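S.K.: Just so you know, the sequences run in chain order A and B.
At position 182 of the first sequence the residue is numbered 182 (the working numbering), and the sequence of numbers has no breaks.
Count along the second sequence from 1, add 1000, and you get the number used in the working numbering.
Source of the hints: derived by calculation from the structure; they are not laboratory data.
Do not rely on the hints blindly, as some may be mistaken.
Derived DSS-like pairs (lysine-lysine); straight-line CA-CA distance at most 30 Å [claimed, not checked]: (1) K225(A) / K1207(B); (2) K1518(B) / K12(A); (3) K1584(B) / K1622(B); (4) K1348(B) / K144(A); (5) K1518(B) / K20(A); (6) K1469(B) / K20(A); (7) K224(A) / K1356(B); (8) K1622(B) / K144(A); (9) K1030(B) / K148(A); (10) K1355(B) / K1518(B); (11) K31(A) / K1469(B); (12) K1470(B) / K12(A); (13) K148(A) / K1348(B).
Bear in mind the structure is a predicted one, so any value in this text is a computation, not a measurement.
If you want the building blocks of each chain, they are given just below.
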Amino acid sequence: MPDDKTIRLKIKRQDQPDSKSYWQEFELPLKPRANIISCLMDIQMHPVTRQDQAVTPVVWECNCLEEVCGACTMVINGKVRQACTALVDALPQPIVLEPMSKFPIVRDLHVDRTRMFENLKKVKAWVHIDGTYDIGEGPVIPEKQRAKAYLLSECMTCGCCLEACPQFTKDNDFMGASTFSQVRLFNMHPTGAMESDERLETVMGEGGIADCGNAQVCVEVCPKKIPLTESIAEIGRETTLQLLKNLFLK
Amino acid sequence: MRKRRPSYIVIGGGLAGLAATMKLCEDKAKVTLVSYQPVKRSHSVCAQGGINAAIDTKGEGDSPETHFYDTVKGGDFLANQPLVRDMCHQAPAIIHLMDRLGVAFNRTPEGHLEFRRFGGTLYSRTAFAGATTGQQLLYALDEQVRRYESDGQVKKLEWHEYLSAVLDSEGICRGAVLHDLRSGEIFTVKGDAVVLATGGPAQVYGKTTGSTVCNGVATTSAYLQGAKYANGEFIQVHPTAIPGQDKLRLMSESARGEGGRIWVPRKPNDDRDPLTIPEEERYYFLEENYPLFGNLVPRDVASREIHNVVYNKELGVGGQPMVYLDLTHQSEGFLETRLGGILDIYTKFTGDDPKKVPMKIFPAVHYSMGGIWTDYEDDGHGLIDHHSPRNQMTSIQGLYAAGECDYQFHGANRLGANSLLSCIYTGLMMGPGMIRYSQNLRTHFEDVPSTVFDQARDEWKEKFADFKKKDGKENPYTLHQDLGSIMLANVLIVRENAKLENALTQINDLETRFRDVKCLDTTHWSNPAPSMIQQLNCQIQLAKIITQGALTRNEFRGAHYKPEYDLNQPANFDPHEYVEYIEKKQYGEIQESDFPTGHSAYMKRYEECNEQWLKTTIAEHKNDQPAISFEEVNTSLIQPRPRKYD
Chain A
1 MPDDKTIRLK IKRQDQPDSK SYWQEFELPL KPRANIISCL MDIQMHPVTR
51 QDQAVTPVVW ECNCLEEVCG ACTMVINGKV RQACTALVDA LPQPIVLEPM
101 SKFPIVRDLH VDRTRMFENL KKVKAWVHID GTYDIGEGPV IPEKQRAKAY
151 LLSECMTCGC CLEACPQFTK DNDFMGASTF SQVRLFNMHP TGAMESDERL
201 ETVMGEGGIA DCGNAQVCVE VCPKKIPLTE SIAEIGRETT LQLLKNLFLK
Chain B
1001 MRKRRPSYIV IGGGLAGLAA TMKLCEDKAK VTLVSYQPVK RSHSVCAQGG
1051 INAAIDTKGE GDSPETHFYD TVKGGDFLAN QPLVRDMCHQ APAIIHLMDR
1101 LGVAFNRTPE GHLEFRRFGG TLYSRTAFAG ATTGQQLLYA LDEQVRRYES
1151 DGQVKKLEWH EYLSAVLDSE GICRGAVLHD LRSGEIFTVK GDAVVLATGG
1201 PAQVYGKTTG STVCNGVATT SAYLQGAKYA NGEFIQVHPT AIPGQDKLRL
1251 MSESARGEGG RIWVPRKPND DRDPLTIPEE ERYYFLEENY PLFGNLVPRD
1301 VASREIHNVV YNKELGVGGQ PMVYLDLTHQ SEGFLETRLG GILDIYTKFT
1351 GDDPKKVPMK IFPAVHYSMG GIWTDYEDDG HGLIDHHSPR NQMTSIQGLY
1401 AAGECDYQFH GANRLGANSL LSCIYTGLMM GPGMIRYSQN LRTHFEDVPS
1451 TVFDQARDEW KEKFADFKKK DGKENPYTLH QDLGSIMLAN VLIVRENAKL
1501 ENALTQINDL ETRFRDVKCL DTTHWSNPAP SMIQQLNCQI QLAKIITQGA
1551 LTRNEFRGAH YKPEYDLNQP ANFDPHEYVE YIEKKQYGEI QESDFPTGHS
1601 AYMKRYEECN EQWLKTTIAE HKNDQPAISF EEVNTSLIQP RPRKYD
């Protein structure tokens, strides 16, 4: 070892969705520019605990390793974030890794975020086009509006906002900030807006915008700095208008 | 009789897989979409800079024909030309489609699409959405596929692994063997055809710009089942990546498209703060050596130059294998709008702000021009017959491929912002031909005896049971790391036959060690260990394909650089001389005096080299080794000629 610096990791593990969790500790040599992912990879190559017990390698989810895919979200030293951008140098030790608590555990640090993708279906998070055939250019969009939409469309369905949200729990239907923000994104698009009524009706229903407790922690933990509270406020306004519209026009 | 509804299996949910799924669904087909992970997390999200289409919004005189020329020239003329031409002609329609799908492309003041410069061209041809264009394009297609999923037309099998194609007694693909990565169950799915849209093989090199799922396993599995693999040795090394422990993160070419300059201090080991080094003491080697294209030379050229400056001239920053990529002369507001996403990545991983200090970067393995061999049918007019079932079909009937995992579009070197295009293009283009293929089938998978599927499944069940029993001494992850080290040390930017031979020996040794591998986990739920063994086996085979191809090809073409076979282009050579040379040849003998001194001799060398090597490398699995042969390239539209960028 070039120096005697080591990293201590304390990892919460769970073999199956319904089994009991347990903790294991690992000690690794510190490498330059190490992040949580490179540590977990080092454990794969030497799956032995600090107590010299040979164990199975830790299971976690990752892919791009540059914070654009959203896969490697976990709770690191009590804070929900992506493991790839969690540089070891900046973390107090021992570094504690836990799976997100708001989603069903698959195994170890790997959780099942299907609920987020199902919510995208519920709110029709897409632009319904006539077809893929060449019918010419898309709508003219002012750059300012494009820039606003771009901020929202960087959402990588990572789940940080939901892990932090006090309203979002394993056993309720609350959709949460990421979904509301997608409603705002598609309602902003000139073609997407043609289905805005349906999207708003959905978020006015069960698990919708009315359940938001306005804790505002979602925006603090978003790794992409998406203005989630602005989205919530905007959807709040839009649903109020929709309510009035329903009252007078239906 | 009720019309039979075609059904397909698409493996991989990146741009190509999603585009194919969307197109097939539009034609009322049913699609099973298979992916290691939720498709929204596919590697296409990593593409940053943009997507090319010659829409010519700035009066530069760009056209799809120029895009076509730039692409085949960038690829050193190794790509089949009708396909490339068709792609370039479809490109504007593809951008407009993606725009209609809601992609947040940057706009002009009037609200139209904005375009920027990229490597290997002199035109502003690249549409972009900030610096996360791949992510934005992928999300748009993911959303369309989600719409079809909620209508019940698409069934997603995420957290599933493709193991192999199911081939009937005639060798026709009738389905796929899949592995549920959570339950561990191995089973088959049936369909009229299977599409591999499984991306590149970066993981064969270990540390690269690729994602962890870019392992090349699906195409290698097809190769092991008899499919041809083409041009494996053509691996793109991207000039600008951020060094890291787990990954070499890409720093997009768009950084140079937006004015970024590459330089090193002229004085070796200069340890001054880069901002204090005066202009005249900086060596802007790309700008000096290539006055016409400057920092935007194609990637193979830029990577070789950086390699040369660092290892031959020993001018790497601080004596390290790094050079500066400098954006500090641009305004912070401009950089934020045009490049925000990638500059954030740099800051997050290095702690430095590229708006204030020059970035330190180095080349990294990035893309495979080669891939599984696929077919096409031209329309006799230099474009593609879009209804031909042959388009994008591998050499196994009924097994198709699209995106980075095929070999067809980029020749010996890919131009920046052409990969997103080729992924979406192939996915969309192959749809009508696949529908025709289903209609033409005389027998369908429903007619195939169930024993064919049962047997395929049981073979894999047995293999996985064996993997789980492996209790040797070798850690598979360490073996994988060692494989990557062999490839990085021997099969990279500069290639020498002695080193390539040595690499083959080392890969064979590693294969021997692999027999003594240990399955690190023998539990039954969400256990990645047996898959790791299966994947490693394929990656060893793929490493052999790449290395054997590189060893066999004794020339210098695009990304495949063998200094020994450099034809040494004269400094004042003009590529058009070669066109003239070929014309003159048709009318009689060439006089030495027809061209400047040394040029005819050079052109003769070039001509001979093309006669022997302007061919597609084909690898086939025979006696457990890749058997190499060569196939003609369709160069019917543009006369191949020497490349030049200065």
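S.K.: Which numbered hints does this structure break?
M.R.: 3, 8, 9, 10, 11
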